[in-house]
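Sequence lines, in order, name chains B and S. Residue numbers for the first sequence, in our numbering: 1 to 788. Residue numbers for the second sequence, in our numbering: 789 to 949.
FYI, nobody ran anything at the bench for these hints, they're computed from the structure. A couple of the hints might just be wrong.
Okay, derived cross-link-like pairs now, DSS-like style, lysine-lysine, Cα gap no bigger than 30 Å in a straight line [said to hold, decoys possible]:
| hint | chain 1 | residue 1 | chain 2 | residue 2 |
| --- | --- | --- | --- | --- |
| 1 | B | K13 | S | K904 |
| 2 | B | K390 | B | K435 |
| 3 | B | K311 | B | K769 |
| 4 | S | K908 | B | K13 |
| 5 | B | K588 | B | K565 |
| 6 | B | K588 | B | K13 |
| 7 | B | K3 | B | K569 |
| 8 | S | K908 | B | K659 |
| 9 | B | K304 | B | K146 |
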Amino acid sequence: MPKDHEGIGAGTKRREDVRFLTGAGNYTDDINVHGQAHVHFLRSDVAHGRLKKVDTAAAEGMPGVIRVFTGADFEGVGGLPCGWCVTDRHGQPMQEPAHPVLAQGKVRHVGDPIAAVVAETAEQARDAAEAIEVEIEDLPAVIDMKAALEEGATKVHDDLTSNLCYDWGFVEENREAVDKAIKEAAHVTTLELKNQRLVANPMEPRVAVGDFNRGTGEHTLYTTSQNPHVIRLLMGAFVLGIPEHKLRVVAPDVGGGFGSKIFHYAEEAFCTFAAKAVNRPVKWTSSRSEAFISDAQGRDHVTKIELALDKDNNFTAIRTETYANMGAYLSTFAPSVPTWLHGTLMAGNYKTPNIYVNVKAVFTNTVPVDAYRGAGRPEATYQLERVIDKAARELGVDPIALRRQNFVTEFPYATPVAVEYDTGDYHGTMDVLEKMADLSGFEARRKESEARGKLRGLGLNCYIEACGIAPSQLVGQLGARAGLYESATVRVNATGGIVVMTGSHSHGQGHETTFPQVIADMIGIDADMIEIEHGDTANTPMGMGTYGSRSIAVGGSAMVRAAEKVINKAKKIAAHLMEASEADVELKDGQFSVAGTDKSVAWGDVTLAAYVPHNYPLDEIEPGLEETAFYDPSNFTYPAGAYACEVEVDPETGKVEIKRFAAADDFGNIINPMIVDGQVHGGIGQGIGQALLENCVYDESGQILSASFMDYAMPRADDVPFYDVDHSSQTPCTHNPLGVKGCGEAGAIGSPPAVVNAVIDALHSGGHKVDHIDMPVSPARVWAAMNA
Amino acid sequence: MPQVSMTVNGKPASGDVEGRTLLSSFLRDTLGLTGTHVGCDTSQCGACVVHVDGEAVKACTMFALEAEGAEVATIEGQAAPDGTLNAIQAAFQEHHGLQCGFCTPGMVMSAAALLKDNPKPSEAEIRDYLEGNLCRCTGYHNIVKAIMAASGQDVGAIAAE
Numbered sequence: 001m002p003k004d005h006e007g008i009g010a011g012t013k014r015r016e017d018v019r020f021l022t023g024a025g026n027y028t029d030d031i032n033v034h035g036q037a038h039v040h041f042l043r044s045d046v047a048h049g050r051l052k053k054v055d056t057a058a059a060e061g062m063p064g065v066i067r068v069f070t071g072a073d074f075e076g077v078g079g080l081p082c083g084w085c086v087t088d089r090h091g092q093p094m095q096e097p098a099h100p101v102l103a104q105g106k107v108r109h110v111g112d113p114i115a116a117v118v119a120e121t122a123e124q125a126r127d128a129a130e131a132i133e134v135e136i137e138d139l140p141a142v143i144d145m146k147a148a149l150e151e152g153a154t155k156v157h158d159d160l161t162s163n164l165c166y167d168w169g170f171v172e173e174n175r176e177a178v179d180k181a182i183k184e185a186a187h188v189t190t191l192e193l194k195n196q197r198l199v200a201n202p203m204e205p206r207v208a209v210g211d212f213n214r215g216t217g218e219h220t221l222y223t224t225s226q227n228p229h230v231i232r233l234l235m236g237a238f239v240l241g242i243p244e245h246k247l248r249v250v251a252p253d254v255g256g257g258f259g260s261k262i263f264h265y266a267e268e269a270f271c272t273f274a275a276k277a278v279n280r281p282v283k284w285t286s287s288r289s290e291a292f293i294s295d296a297q298g299r300d301h302v303t304k305i306e307l308a309l310d311k312d313n314n315f316t317a318i319r320t321e322t323y324a325n326m327g328a329y330l331s332t333f334a335p336s337v338p339t340w341l342h343g344t345l346m347a348g349n350y351k352t353p354n355i356y357v358n359v360k361a362v363f364t365n366t367v368p369v370d371a372y373r374g375a376g377r378p379e380a381t382y383q384l385e386r387v388i389d390k391a392a393r394e395l396g397v398d399p400i401a402l403r404r405q406n407f408v409t410e411f412p413y414a415t416p417v418a419v420e421y422d423t424g425d426y427h428g429t430m431d432v433l434e435k436m437a438d439l440s441g442f443e444a445r446r447k448e449s450e451a452r453g454k455l456r457g458l459g460l461n462c463y464i465e466a467c468g469i470a471p472s473q474l475v476g477q478l479g480a481r482a483g484l485y486e487s488a489t490v491r492v493n494a495t496g497g498i499v500v501m502t503g504s505h506s507h508g509q510g511h512e513t514t515f516p517q518v519i520a521d522m523i524g525i526d527a528d529m530i531e532i533e534h535g536d537t538a539n540t541p542m543g544m545g546t547y548g549s550r551s552i553a554v555g556g557s558a559m560v561r562a563a564e565k566v567i568n569k570a571k572k573i574a575a576h577l578m579e580a581s582e583a584d585v586e587l588k589d590g591q592f593s594v595a596g597t598d599k600s601v602a603w604g605d606v607t608l609a610a611y612v613p614h615n616y617p618l619d620e621i622e623p624g625l626e627e628t629a630f631y632d633p634s635n636f637t638y639p640a641g642a643y644a645c646e647v648e649v650d651p652e653t654g655k656v657e658i659k660r661f662a663a664a665d666d667f668g669n670i671i672n673p674m675i676v677d678g679q680v681h682g683g684i685g686q687g688i689g690q691a692l693l694e695n696c697v698y699d700e701s702g703q704i705l706s707a708s709f710m711d712y713a714m715p716r717a718d719d720v721p722f723y724d725v726d727h728s729s730q731t732p733c734t735h736n737p738l739g740v741k742g743c744g745e746a747g748a749i750g751s752p753p754a755v756v757n758a759v760i761d762a763l764h765s766g767g768h769k770v771d772h773i774d775m776p777v778s779p780a781r782v783w784a785a786m787n788a
Numbered sequence: 789m790p791q792v793s794m795t796v797n798g799k800p801a802s803g804d805v806e807g808r809t810l811l812s813s814f815l816r817d818t819l820g821l822t823g824t825h826v827g828c829d830t831s832q833c834g835a836c837v838v839h840v841d842g843e844a845v846k847a848c849t850m851f852a853l854e855a856e857g858a859e860v861a862t863i864e865g866q867a868a869p870d871g872t873l874n875a876i877q878a879a880f881q882e883h884h885g886l887q888c889g890f891c892t893p894g895m896v897m898s899a900a901a902l903l904k905d906n907p908k909p910s911e912a913e914i915r916d917y918l919e920g921n922l923c924r925c926t927g928y929h930n931i932v933k934a935i936m937a938a939s940g941q942d943v944g945a946i947a948a949e
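Please take these sequences and the hints and turn them into a complete structure.
Quick look at the structure:
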């Protein structure tokens, strides 16, 4: 049987930690292929312009230079594909511009790659890149989204009709009912806000190493990816024309992703292409400065939301209009974020009968925007929870009571925005929060703060998330050009040890620890008999990878299905060995037994028989014990939670300090509570970063002003407190075998509104009638709002 | 190219370097000690912290030649020869003070430098000291907790305020 600290529900310590703590991790930049050359990309330093000349002659003569590539080398090679096509309000497909690997004709954002130098060393490549002569005819930069949509605005893409990617209405049929409900409402609260642009900034910058084997014609790409199979398919099929059986993609230890390592990037295609062209392995390691202008960025929504209430304060309608920045090109899943990952969440935890969401996605001369931790769901939660707070203030009612009054209480619940929540207990989760956050003691704490000359505020937030986007048939109808299943192969070895090859990818989530906990429980063996393989297309079944808090709910379910197949076959073998009927065989604590008898046979005896089939039912089943399953969920999962933040505002400076933060989450069943706590902590840290510190800023010429850690304020240890987290409120998911929901993004979704609500509350307590401050709620903005 | 020699984790190490070669590059590329990570190019992130003559140094801010003759300690030399984790490493595992692991070597080396000078730091002192070490995964909660635990402090009742 599994040791007590190893099964489902145990806070098992992570096995991967030992290699990370001793410097023995294997990150992509740690991989050096014999004979490798290095690449440096020459990137545009202007936001928008026509390429008049790219002269590489001088660079080609520089020491160590092997070859210089420009856009011309990629004519006839596919562009980077977009993985999701959104259909607009009028039934038309979105405008989808070309996205060349190296710029052709125009540059469209600061950082757009123009040329690439392959040289013996990274330093030589960099030196030579400086010798490339580039002449660019400047064009006006399109930065502001509303200006980009004005008549006569400069177009980012000359061949499109405008800078509008799509104008999406959801649900279009609800529109009139929503307009009517708002017109007839007893009260309407309106709020205009920005969800600012963020940079994901996983601590490991991106790296790509391309390798080509002349002998076999096989390409290998080592890359910092959350989903190596997706990269193999997109790059192989759409960009370079390499069939999957000639292309291996390896994503080894990956130093965080947060969404930004989902996407297929130009540098991956370049290194794969160039390795064959120069007949040398080619390596690119991004600098942090480069990451700020080449990694897909996040959020960047400008929204107007209206919340209608009847005379009894019941929510009757929500209407939103959002401008969503796509940047200069469509990153892999960019179109889905402001639409299907945002509009479908606008009901939140509430039974609002009428909802209409309008989203205009806009091209600008900025770095492309795509999914960042939460992806659409933080944007939905932020606007909803901010407008509810404002409504409570306008109506003079308690913000918790207003939320509770409107909670969905009966499940399953079909929202007016096309999704069906399977389970939840929003009152129960709020009960947990009220207790853990000691909300009844807040007034005393406020007085204590006031005695020290500080304004104290309490901010509440509730969120609903949708994880494990599925089923594939549905997402296909919504425009996804991919399936959203997950896969696993469970390979049992002759002596009973197990290797699980999963399509999920771990880049901090701890799958190497949690996935074995599940198998250990199912079979009743020690978790250290189980190993997890992931991140290499050569030894894992086709999988969709890790994002959207999907790993345990979808990847874990695939693993359970494969393990069930293994156990069923093992029972047949055990039945044969015990000369019993298969129907009577039970598996418990690693022993097969026959009900009502003393017959038993150990797991290891059965696995040995599978591979040494001397006494074996060969006429019924094949030797061996290895099964694969693909799991396509029937619905999303819906984690939900209630968060409370207490801040102190210094009225002299406007500086905000977070004093307490409490998070009550319902993730359904929990595999490893220690890891779940860690996921929530990290999400809250990022959410506090968004609320108080982080801001990706472009000036009107399209220069990015926050392009290093000197200027982009990452949350540091002294910006955040200890967090109180609790996930004892558990309503298991009803449609996956583990009853799990997913926990990776919750903290980042739930925390920004709680922080901003707390700041606004603090200001009101000091007599400052401030309705709203856009994030980041910096001292300058708070001070300005207080002194307006 | 000039040659540089130093002691790394107690063993002599030398190699040819350019004048512009950073200590971080020398450790990673010449010596193959890839546990020292490079997460930025402005000396902000702290993933590359090592000890040079007992002081915590960001290895990306120092030329390899500046370490001529120095005693350098990296993450690879922190565990006992039999693999037993040191007290800080063990506390990071016990308290889940790491997720993706990329900032971890720098965090462990910074924590070691802190505890050398301040064996029982307060929460505030730890948070202040870690200003030069960025982590994007943990929200710092379990890192601070692990360092407190490594210094022998009771972390059982950690909560806000």
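Hints, verified against the model:
1. K13/B - K904/S: At roughly 27 Å apart (the allowed maximum being 30 Å), K904/S and K13/B satisfy the hint.
2. K390/B - K435/B: Satisfied, since the Cα-Cα distance of roughly 24 Å is no more than 30 Å.
3. K311/B - K769/B: 24 Å, holds
4. K908/S - K13/B: Roughly 25 Å separates the two Cα atoms, so the pair holds.
5. K588/B - K565/B: 16 Å, holds
6. K588/B - K13/B: 24 Å, holds
7. K3/B - K569/B: At roughly 25 Å apart (the allowed maximum being 30 Å), K569/B and K3/B satisfy the hint.
8. K908/S - K659/B: 23 Å, holds
9. K304/B - K146/B: Distance of about 13 Å is within 30 Å: holds.
Checked against the numbered hints given earlier, the structure satisfies every one of them.
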